[in-house]
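Visitor: One letter stands for each residue in the lines below.
There are 2 protein chains.
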Amino acid sequence: MQFLKEGSITSVKGIKAAGIFSGIKKAKKDLALIYSEAPCTAAGTFTLNKVKAAPTVISQNSIKTGQTIRAILINSGNANACTGDPGFSDAYDTRNYCAAKLGISSEETLLSSTGVIGVKLPVEKIKKGIDKIVPLLSASGGLKAAEAILTTDLKIKSYAVTVKLSTGKVTIGGICKGSGMIMPNMATMLGFIATDAKIEKPVLQQLLSAAVNISFNRITVDGDTSTNDMVILLANGLSEINITENTKDYSLFLEALTSICKEMAKAIVVDGEGATKLIQLDVKHAKSLSEANLVAKGIANSPLVKTAFYGEDANWGRILSAAGNSGAEFNPAKVSIYFDELPVFMPDYEIVLDEVKAKEILIKDSYTVTIDLQAGDSSTTWWTCDLSQNYIKINAMYRS
Amino acid sequence: MQFLKEGSITSVKGIKAAGIFSGIKKAKKDLALIYSEAPCTAAGTFTLNKVKAAPTVISQNSIKTGQTIRAILINSGNANACTGDPGFSDAYDTRNYCAAKLGISSEETLLSSTGVIGVKLPVEKIKKGIDKIVPLLSASGGLKAAEAILTTDLKIKSYAVTVKLSTGKVTIGGICKGSGMIMPNMATMLGFIATDAKIEKPVLQQLLSAAVNISFNRITVDGDTSTNDMVILLANGLSEINITENTKDYSLFLEALTSICKEMAKAIVVDGEGATKLIQLDVKHAKSLSEANLVAKGIANSPLVKTAFYGEDANWGRILSAAGNSGAEFNPAKVSIYFDELPVFMPDYEIVLDEVKAKEILIKDSYTVTIDLQAGDSSTTWWTCDLSQNYIKINAMYRS
Numbered sequence: 003m004q005f006l007k008e009g010s011i012t013s014v015k016g017i018k019a020a021g022i023f024s025g026i027k028k029a030k031k032d033l034a035l036i037y038s039e040a041p042c043t044a045a046g047t048f049t050l051n052k053v054k055a056a057p058t059v060i061s062q063n064s065i066k067t068g069q070t071i072r073a074i075l076i077n078s079g080n081a082n083a084c085t086g087d088p089g090f091s092d093a094y095d096t097r098n099y100c101a102a103k104l105g106i107s108s109e110e111t112l113l114s115s116t117g118v119i120g121v122k123l124p125v126e127k128i129k130k131g132i133d134k135i136v137p138l139l140s141a142s143g144g145l146k147a148a149e150a151i152l153t154t155d156l157k158i159k160s161y162a163v164t165v166k167l168s169t170g171k172v173t174i175g176g177i178c179k180g181s182g183m184i185m186p187n188m189a190t191m192l193g194f195i196a197t198d199a200k201i202e203k204p205v206l207q208q209l210l211s212a213a214v215n216i217s218f219n220r221i222t223v224d225g226d227t228s229t230n231d232m233v234i235l236l237a238n239g240l241s242e243i244n245i246t247e248n249t250k251d252y253s254l255f256l257e258a259l260t261s262i263c264k265e266m267a268k269a270i271v272v273d274g275e276g277a278t279k280l281i282q283l284d285v286k287h288a289k290s291l292s293e294a295n296l297v298a299k300g301i302a303n304s305p306l307v308k309t310a311f312y313g314e315d316a317n318w319g320r321i322l323s324a325a326g327n328s329g330a331e332f333n334p335a336k337v338s339i340y341f342d343e344l345p346v347f348m349p350d351y352e353i354v355l356d357e358v359k360a361k362e363i364l365i366k367d368s369y370t371v372t373i374d375l376q377a378g379d380s381s382t383t384w385w386t387c388d389l390s391q392n393y394i395k396i397n398a399m400y401r402s
Numbered sequence: 003m004q005f006l007k008e009g010s011i012t013s014v015k016g017i018k019a020a021g022i023f024s025g026i027k028k029a030k031k032d033l034a035l036i037y038s039e040a041p042c043t044a045a046g047t048f049t050l051n052k053v054k055a056a057p058t059v060i061s062q063n064s065i066k067t068g069q070t071i072r073a074i075l076i077n078s079g080n081a082n083a084c085t086g087d088p089g090f091s092d093a094y095d096t097r098n099y100c101a102a103k104l105g106i107s108s109e110e111t112l113l114s115s116t117g118v119i120g121v122k123l124p125v126e127k128i129k130k131g132i133d134k135i136v137p138l139l140s141a142s143g144g145l146k147a148a149e150a151i152l153t154t155d156l157k158i159k160s161y162a163v164t165v166k167l168s169t170g171k172v173t174i175g176g177i178c179k180g181s182g183m184i185m186p187n188m189a190t191m192l193g194f195i196a197t198d199a200k201i202e203k204p205v206l207q208q209l210l211s212a213a214v215n216i217s218f219n220r221i222t223v224d225g226d227t228s229t230n231d232m233v234i235l236l237a238n239g240l241s242e243i244n245i246t247e248n249t250k251d252y253s254l255f256l257e258a259l260t261s262i263c264k265e266m267a268k269a270i271v272v273d274g275e276g277a278t279k280l281i282q283l284d285v286k287h288a289k290s291l292s293e294a295n296l297v298a299k300g301i302a303n304s305p306l307v308k309t310a311f312y313g314e315d316a317n318w319g320r321i322l323s324a325a326g327n328s329g330a331e332f333n334p335a336k337v338s339i340y341f342d343e344l345p346v347f348m349p350d351y352e353i354v355l356d357e358v359k360a361k362e363i364l365i366k367d368s369y370t371v372t373i374d375l376q377a378g379d380s381s382t383t384w385w386t387c388d389l390s391q392n393y394i395k396i397n398a399m400y401r402s
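Heads up: the protein sequence lines correspond to chains R and Y, in order.
Heads up, the first sequence is in my numbering, so the first residue is 3 and it goes up one at a time.
Heads up, the second sequence is in my numbering, so the first residue is 3 and it goes up one at a time.
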């Protein structure tokens, strides 16, 4: 498995992309198109929010039907959420227009939107944008597409990895966006991944769900989950390398897919709204995996813990208190807490915190907090960021 | 029912209190004592955090045994939490010392602590403080006690109410502290309430639980819940007015108790860390009460909603999205949202937002947000505050 420098979704054979400014936002790129030269099997994971945006519902349905997919049209700056029936008409309208321009069927076209909720989609601007973007599709357009899907993100998130299988190499490439509202079960996060491997739809969905479950579903910025989130995986088969279940190639591919998903997920946390630090949370020896995840999520979402991370304050008491609040079963007297390798709090409430050594860790951009519950055999790893004054600044006036 | 101006817990017949500086904090008052001239029946509600501080466990046990209570010793500046067996010895030590000074039994003395977690209780300072505070107990000491229990609170929270029953008047008085980490099921909040009514213990517990359930358990500042929270209700019977179940007096008393609990709870939200606004959340027509509370809690705890309140931004989309995330069952197309009386979002996704009129409401210190789900017959009311940059400032360096 090898990550490619400046890799993107267009590092995958037969995948073209482009990103342009179409006038939805004031000045930044806001329209992206991903296109595959060959029909793709497709898998997706979608927000669990009861309030789902029109493009989310439409794309989820396209994938459900088992339809092959050729293109994904994505806009930022407008979520097309809470827009009622007109929102659906607008979405179908842009989908039809885009498909016609590409010479493919509407059903082969997925839609995705991110941005402000409750504002009508500017269909005419998007149609003009489609006229402009289709001729720009290219095998080197991945980074431009990655730029066009951003909202309050500060950095482009684009990765590709190659993996050597028994009969040759396949590539997996992906772009994503995140920022606020990141939380398990999808959040305002969009991820688009493609591979040139040949994979049947049920197997593809199984691979994506497994990878998302321990990557995108284990990150949190602020505990919120949006109306528009999705991760899509397309497989166009152009490498002519087949991946089937219960093979060594399957495991190798899953490992590579999970790696790229983790890189994408961590990049979202690092670029979380106002975030200054990436913190890895290792929860060890929980009673069950679901309890390990409860504890990790409780710590990762506690505003008091996250503000202490921001303040570079070794406030282990807040970490323990957040774990105690999570609903998981454990005996506080058995717990130990570490910052990187440094023991801070040991069983029987022994406080071994060395403030000077702790500070050396806490001032870093990235470190690991481990909490060992000694309550069972299950472990988990999550990623979160700190909560800074900038988060408030960014979100207080978002619509303005 | 009548609220008393400058009322406090010492407005209640036979209740004395005092508050002093004992050296736990650097300069501010940090030790409070509440004392009843007559033995009290006692009721309490306590944190559900798995990690419970020593004084919390001890007081909970005292109330469980059905013991009558004469005094409550409270310190701020040190939570005596995560301090292991020595924390329990320290707590028992101060309890014995205080009881001896008061000439009562240790079992009649409740303990409560709030402040930093994981730091040994300064027992000698507290003992010297007890020497100093016992002679200062007075029938006008309620406000000083209210001051001594504060941590990052900016304002003293002290209330009293009288209620006319069939055979005469009784008084209920209370003091409390809150600030960060306020969240249903108690949070870092301490509430101490007394009454001169005569009420048997099981009835008293029933009254307190009912009142807390729709007051302190319906507020949230940041979704965190602490190791030390409790609300205690003492009834010393000195009014010689008996309250028993299934009487009109019971209902009148419950109404008064609920009113004072709501005033105390709202005062905690208003004084939430960094809060600039008090927002009442009315959730209407939910499928069940638990779903109504899920929706209210989801909105009240969403950092994106709370930062929009701070920014005075009419971002109703975030309110709907937070409701959609709550896990409650409803059809988004039936939902309506109001700021005070102003309709903002109507069924079938009709956006009727008048930005100018909305701004007039959102710039106020206090207003009501109503979300009508049209999914059933259950309603609830919660209170929350906005999330400001000051919250981060206060919490980033709390231990320093």
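For the record, the hints were derived by calculation from the structure and aren't laboratory data.
Mixed in with the good hints, there may be bad ones.
Note that the list lumps identical chains together, so a pair holds whenever it fits in one copy or between two copies.
Heads up, simulated PhoX-like pairs for lysine-lysine below, C-alpha to C-alpha not over 20 Å straight-line [said to hold, decoys possible]:
#1 Lys250 with Lys130
#2 Lys157 with Lys103
#3 Lys268 with Lys203
#4 Lys52 with Lys289
#5 Lys203 with Lys250
#6 Lys395 with Lys127
#7 Lys336 with Lys361
#8 Lys52 with Lys166
#9 Lys250 with Lys171
#10 Lys157 with Lys30
#11 Lys286 with Lys52
#12 Lys203 with Lys52
#13 Lys122 with Lys336
#14 Lys28 with Lys122
#15 Lys28 with Lys130
#16 Lys157 with Lys127
#17 Lys203 with Lys66
#18 Lys268 with Lys7
#19 Lys171 with Lys268
Visitor: Run every hint past the structure and note whether it holds.
Guide: Quick rundown of the hints versus the structure:
1. With identical chains, the CA atoms of Lys250 and Lys130 are never at most 20 Å apart, being 47 Å at best within one copy and 72 Å at best between copies.
2. In this assembly of identical chains, Lys157 and Lys103 lie within 20 Å of each other by CA distance neither inside one copy nor across copies; the values are 30 Å within and 64 Å between.
3. In the homo-oligomer, the alpha carbons of Lys268 and Lys203 never lie at most 20 Å apart, since the shortest distance is 27 Å inside one protomer and 54 Å across protomers.
4. Taking the shortest alpha-carbon separations for Lys52 and Lys289, only the inter-copy value of 15 Å comes in at or below 20 Å, while the best intra-copy value is 31 Å.
5. Taking CA atoms no more than 20 Å apart as the test, Lys203 paired with Lys250 passes inside one copy only; the shortest distance there is 19 Å, against 67 Å between copies.
6. Neither within a single protomer nor between protomers do Lys395 and Lys127 lie at most 20 Å apart by alpha-carbon distance, with minima of 30 Å and 42 Å respectively.
7. Taking identical chains as interchangeable, the C-alpha atoms of Lys336 and Lys361 are never at most 20 Å apart, the minima being 25 Å within one chain and 52 Å between chains.
8. When the C-alpha separation of Lys52 and Lys166 is checked against a cutoff of 20 Å, the pair qualifies neither within a copy, at 41 Å, nor between copies, at 48 Å.
9. In this assembly of identical chains, Lys250 and Lys171 lie within 20 Å of each other by CA distance solely inside one copy; the values are 14 Å within and 81 Å between copies.
10. Taking CA atoms no more than 20 Å apart as the test, Lys157 paired with Lys30 passes inside one copy only; the shortest distance there is 13 Å, against 46 Å between copies.
11. Within a single copy, Lys286 and Lys52 get their C-alpha atoms only as close as 33 Å, which misses the 20 Å cut-off; across copies the closest is 17 Å, which meets it.
12. Neither within a single protomer nor between protomers do Lys203 and Lys52 lie at most 20 Å apart by alpha-carbon distance, with minima of 26 Å and 44 Å respectively.
13. Only between protomers do Lys122 and Lys336 lie at most 20 Å apart by alpha-carbon distance; the minimum there is 19 Å, versus 55 Å within a single protomer.
14. Proximity of Lys28 to Lys122 under the C-alpha cut-off of 20 Å is restricted to the intra-copy arrangement: shortest distance 16 Å within a copy versus 56 Å between copies.
15. In this homomeric assembly, Lys28 and Lys130 come within 20 Å of each other (Cα to Cα) only inside a single copy, at 16 Å, whereas the closest approach across copies is 66 Å.
16. Proximity of Lys157 to Lys127 under the C-alpha cut-off of 20 Å is found in neither arrangement, the shortest distances being 25 Å within a copy and 53 Å between copies.
17. Taking the closest pair of Cα atoms, Lys203 and Lys66 come within 20 Å of each other only inside a single copy of the chain (10 Å); across copies the shortest separation is 59 Å, beyond that limit.
18. Taking the closest pair of Cα atoms, Lys268 and Lys7 come within 20 Å of each other only inside a single copy of the chain (17 Å); across copies the shortest separation is 55 Å, beyond that limit.
19. For the identical chains of this complex, Lys171 and Lys268 are neighbours neither inside a copy (26 Å) nor across copies (63 Å), given an alpha-carbon limit of 20 Å.
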